[in-house]
Amino acid sequence: MNFADLNYAALFRATLPETVLEIATLTVLVVDLGFLRKAAMQVRVAAAALLGIAGCVVSVWAVTIAVRYVWGSDLLLTAGGSAEVAQVAILALTVLTLLLFIDSEFTRNPGEYVSVVLMAAAGGLIISAAQDLIVIFTGLELLSLSLYILTAFAKKSGKSAEAAIKYYIFGAMSAAFLLFGFSYLYGISGSTNLDRIVQESYFTSVSGGSPLLYLALAMIVTGLGFKVAAVPFHQWAPDTYEGAPIASASFIASVSKVASFALLISISVALAHGLGVGNPIRLVFFNLGPSPQLAGPQAQWALLLAIVSVASMIVGNLAALVQSSVRRLLAYSAIAHAGYILLGLAFFSSSLSAQAVLYYIVTYGLTTIGAFGVIGVVERAVGSDRLDAFLGLHKRNPLLAGVLLVLFLSLAGIPPLVGFWAKFNLFAAVLRASAGVVPFTLVALAIAFSAVSLYYYLQVLKRAYVMPATDDSPIKAHPVTLVVLVAIAVAVIVLGCFPALLQGWIAHFYPANVV
Amino acid sequence: MLAWTIYISFAGALMAALLPKDKPVVARWFALLVAVAGMVIAMAGYAAGMGQGRAVIVDALWIPSMGIHYLLAADGISRVLVLLTGIAAVAGILFSWNVELRVNEFFAFYLALIGGVYGVFLSGDLFLLFVFYEIAIVPKYFLIAIWGSTRREYGAMKLALYSFVGSAMVLIGLIAAYTTSGSHSTALTDLAHAGLPVSFQMWCFPMVFVGFAILAGMWPFHTWAPTGHVAAPTAASMLLAGVVMKLGAYGCLRVGIGLFPHGLDPWGFSFLGVGSWRDVFAWLAVIGIVYGALVALAQTDFKFVIGYSSVSHMGFVLLGLMTLNQIGLDGAVLQMFSHGVIAGLLFAIVGRVVYDRTHTRQFADLEKMHLARRLPFAAWAFVVAGVASMGMPGFSGFVAELQVLVGAWRVNPAWTAVSGIGIIVGVAYVWRALQRAFFTDAVATAHELESEQAHKFAPITWPEIAGVTLLGACTLAVGLYPRILLDSIEPAVKALLAGGAQ
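Sequence order for the protein chains is A and B. With the first letter of the first sequence counted as 1, position 410 gets the number 397 in our numbering; the numbers rise by one all the way through. Numbers given in our numbering equal positions in the second sequence, counted from 1, plus 263.
Among the hints, a few may not be true.
What the hints assert, rightly or not - DSBU-like, lysine-lysine: derived pairs with alpha carbons at most 35 Å apart: (1) A:K449 x B:K421; (2) A:K142 x A:K382; (3) B:K284 x A:K382; (4) B:K286 x A:K449; (5) A:K25 x A:K382; (6) A:K449 x B:K284; (7) B:K284 x B:K421; (8) B:K421 x B:K631; (9) A:K449 x A:K25; (10) A:K382 x B:K286; (11) A:K382 x B:K421; (12) A:K382 x A:K143; (13) A:K463 x B:K719; (14) B:K631 x B:K719; (15) A:K143 x A:K463; (16) B:K286 x A:K463; (17) A:K142 x A:K25.
As the list claims (entries may be wrong) - Anything over 10 Å on all C-beta distances counts as not near chain B; from chain A, calculated: (18) I121; (19) E128; (20) R183; (21) Q186; (22) A376; (23) P498.
Note that these hints are calculated values from the structure, not bench results. All C-beta atoms in this analysis are idealised placements derived from N, C-alpha and C, irrespective of residue type, glycine included.
Using the sequences and the hints given, assemble the complete structure.
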């Protein structure tokens, strides 16, 4: 491979969405710092957010025309399929975050904030499509570094700085693990391309088995487990969710999650692909003898993910029960949800699993942004995100309370809201991918824990609807925020009543013969 | 036509939430109108469906990728239970006429619950049934937690979690049955004919059955019922006992027995005379009958007596299901209707007619109030409801419980013999409640008479009279001429016994 092969025209087309975002980033900076320095704060915030949104919208268009990028014989960036779904979702969720940002006052530098958000989104786009270790790492770092900055952005708040430093230290450690794991993979296979690594390591592990591979996979799970806040790499999440400015927290909880899970899907697809597409995979772990259907790195990957998944479900749900801060409660619930999704990735078969995982993470991201939006409004009015801040919300702002009701019940998985269908679809995909005692037990565990989760979601709703208010003064929300929140709640209801809408949209990105 | 019961209830819930907050009268009349419309449709649908078998009402592809249909269907059993729901809904609104707190929200949650209940009884698709089943959980929580009384937040949370755990078990069974059957459909008929392996049914049946039976108040998973009933506002406890517990029993019958008939087969070995899941659940039902009655006998709180009597009466439903013969299942379904009406009446009298005037439910306090003289309407209404509850011939409870006991005798006479104890104790606790709450021997002292004059009870209002009349007439009509329901139930049960699910 040499650089003469590098086709810049093709590279430009493949990275058009990211390029659009970068141009938008620069435009936001120029407009904000160049033309609007003297303007009122509200105008600056609105202008920056709107420019960012415009950038995202153009980028969505760019995603639809983006193509794969192949360098030499290696695929660097893919297009279509899961990558495209994830990219569109990332951009859509970024738009929602920016819409909720219009209302905020935590920063005097809206231009910089929006441009960092756009860069983070660009990082997310890259890792959704990346098929090569180097590209993956580059995108991941772009995303992570942007997120550290976003977390620290409320300069007047000590909590924000604390959250950022915790997030940064954990993030740096996990990036080191990830890079270490990548270097082993390269050492084993001599390639940085995902497909090729899987093929090489497949033969290596069948002939004699290589503990190095196991080690490499474990380190990668460590690195990516941090990104999706899976136990035991989750410690940053509660502090970051609690301390970060609300827009940053909702961005971390939604966009960054979608991107990280898209990356995990890429790895899982590569692993499934290495065994031949359409080959029914029956995973039976804890099996001492070599099983004919279970070979190569996929079983090890599945085992690691399953362990992390179970730990996340248990710790996330149990720890959420005792939280008194709603942001921390959402953080632990996010850990639990990551556990459910990891189950879908551990028992991964074809594009069916990918679709179920994407459906889950996209709808989860949507719901979470809405939940953070409600918390943001309440927090500004009451000055705290404690459970008691929500007392009497149904009187103080009935619409906001209604939105909260819909979103939290959806997170708990109550039909006919979208969260229920996402769970059903995911668990059905797990059992379709592999019918055995182990996956069945884990699904049963996940469903049992979602029954536990109802308790802590109801704790918040109980404050909002049941318990007497200590303060009856109405809570005012910015009209844009209110419209966005109501739109999210309506989407949660409509997508829950007609799951086929979103599912059909996701499915149309996949070639029919694979489904 | 029956499908409209669902739609108007949900539409009514939505509109009730949007009604002006400062006009409780409007909300009440609106809710009553919606409930009456539902009842009229249920009655018309019942009359039109007489002599017909299973009829599909709506069948539309809902989620193509998984073959899930929006399939509403009704057979004789569904029609009877829809009728019950319509009656209970109207009665519940009549007895919540005096709710003053957040009235429109109250009726919004109330109608949403009703809509979910109608939906469960009419679902012909397992997935759809589950969706409606879960929709009913959340309104229950808020009805109890906001408008309830004694330890309402505890009772509400306990009820919500028990329901949710039960439905989680059902959900596991649903996903397992769907993936195991390999059929690309979740319609009840398709799953029943999918030929699920016997070994699968053997473990899936008890899980799904218990999941539903939790809501039917099966011993030892009944503990949500007394606390929930007592904590709930009158209308909600009427609905809980009247129709929500029937959701559980209906699920046991339609899903548990309908989809996994081989789950009831003998295990091939027996331990202490128990050789199948059928024996296990029948004995649990029998224990529930006797235990509920005995505990009811020892209560000092009037409402707890009724709460535990519900556990006892629902035991008959579950025992009837486990007989798996025509007469036993007929009795079980009839008992669902009968208990729905009678328990509704009892809760209405205790919670609304008596408690809202005396502000106590303790027998020790009620004894001093001479209610038979001061509230003759309540006393005589309770006499009627009480004798109906204890199984006096001429009321619906007698016909239903007799059929269950005959059916049980044919399978295992021991079940009938032990359950008989429950009936005897049942007479005792009703008699005790009647005597202590209304007809005490104590002679009123001059001082008491004086304070009676000073604190006259509010007069009985027309909604109370209308509600008592409606429920009383139903139990009497079915008791005197059970064929009005049995003609519809029998063919449906026969079809169910003959062909697995349908």
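Of the hints given before, which are not true for this structure?
-> 5, 9, 13
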